[in-house]
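Participant: Sequence:
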Amino acid sequence: MAETVQYSWKDGILTLALQRKKKLEELIDNKTKQIQKAPKGTLRAVRRKGYSEYYWRTDPKDTNGEYLTKKKRSIAQQLAQKEYDIKILSKAKTEMAALDEYIKVKQNCNVLDVYEKINPAKRSLVTPIMAEDKEFVKAWRSEAYIPFKIDDTLPEFCSDRGVRVRSKSELMIANMLEKFEIPYRYEYPLKLKGLGEV
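By my numbering, the letter at position 31 of the sequence shown is numbered 23, and the numbering carries on one by one without gaps.
Since the hints were made in silico from the structure, they are not lab data.
Certain hints may be false.
[Claimed, not checked] Calculated lysine-lysine pairs in the DSS-like style (CA-CA distance at most 27 Å, straight line):
(1) Lys85 with Lys64
(2) Lys109 with Lys15
(3) Lys23 with Lys64
(4) Lys114 with Lys98
(5) Lys96 with Lys85
(6) Lys41 with Lys23
(7) Lys14 with Lys25
(8) Lys171 with Lys185
(9) Lys141 with Lys183
(10) Lys13 with Lys23
(11) Lys29 with Lys79
(12) Lys109 with Lys32
(13) Lys63 with Lys41
(14) Lys14 with Lys98
(15) Lys63 with Lys98
(16) Lys126 with Lys114
(17) Lys83 with Lys96
(18) Lys98 with Lys109
Based on the provided sequences and hints, a complete structural model is requested.
Facilitator: The following block contains the structure:
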């Protein structure tokens, strides 16, 4: 029988893609405005004897450009920033196009939808490649384990659901997790290479 792996039926990856798209839209809008406000032309930078010289090229035919003195250093900074922003804008638009294509595919052809659309009478006979959240949490919670022993001489703190913890701060965390139905395991043993069980 195929192994079932946990995955959110809401598709967390798609959610991340949509969030990333929003960030890219903001970035593209911001950089477009900055580029429009920047001085026209490009910057030529030359390194001479350990220091830098900057030239402002406004005419494509002029391969040298106007030398920018220290008093005009802000123009050099704006031109350098514009060159950087143009490259960022190009990369952002390329990523945006790829994200749009991915989102379109995921929304119209999602493997997570297949199990949900199967006839309910047949669904119980099928082992899905991805378990729904509720089923995964149920199986995860049902796994028995022996937590790390708490010294009986320590003050006793128990969460609303009876989980004993070591401190008031842990009690607050446990109660908050339980309040919002967030599954957790307290002092679940982990096997680490070179350290054994911790």
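Participant: Hint by hint, say whether it matches the structure.
Facilitator: Here is how each hint holds up against the structure:
no. : hint               : verdict
1   : Lys85 with Lys64   : violated (32 Å)
2   : Lys109 with Lys15  : violated (33 Å)
3   : Lys23 with Lys64   : holds (23 Å)
4   : Lys114 with Lys98  : holds (25 Å)
5   : Lys96 with Lys85   : holds (16 Å)
6   : Lys41 with Lys23   : violated (34 Å)
7   : Lys14 with Lys25   : holds (17 Å)
8   : Lys171 with Lys185 : violated (35 Å)
9   : Lys141 with Lys183 : holds (16 Å)
10  : Lys13 with Lys23   : holds (15 Å)
11  : Lys29 with Lys79   : holds (16 Å)
12  : Lys109 with Lys32  : violated (57 Å)
13  : Lys63 with Lys41   : holds (21 Å)
14  : Lys14 with Lys98   : holds (17 Å)
15  : Lys63 with Lys98   : violated (54 Å)
16  : Lys126 with Lys114 : holds (19 Å)
17  : Lys83 with Lys96   : holds (20 Å)
18  : Lys98 with Lys109  : holds (16 Å)
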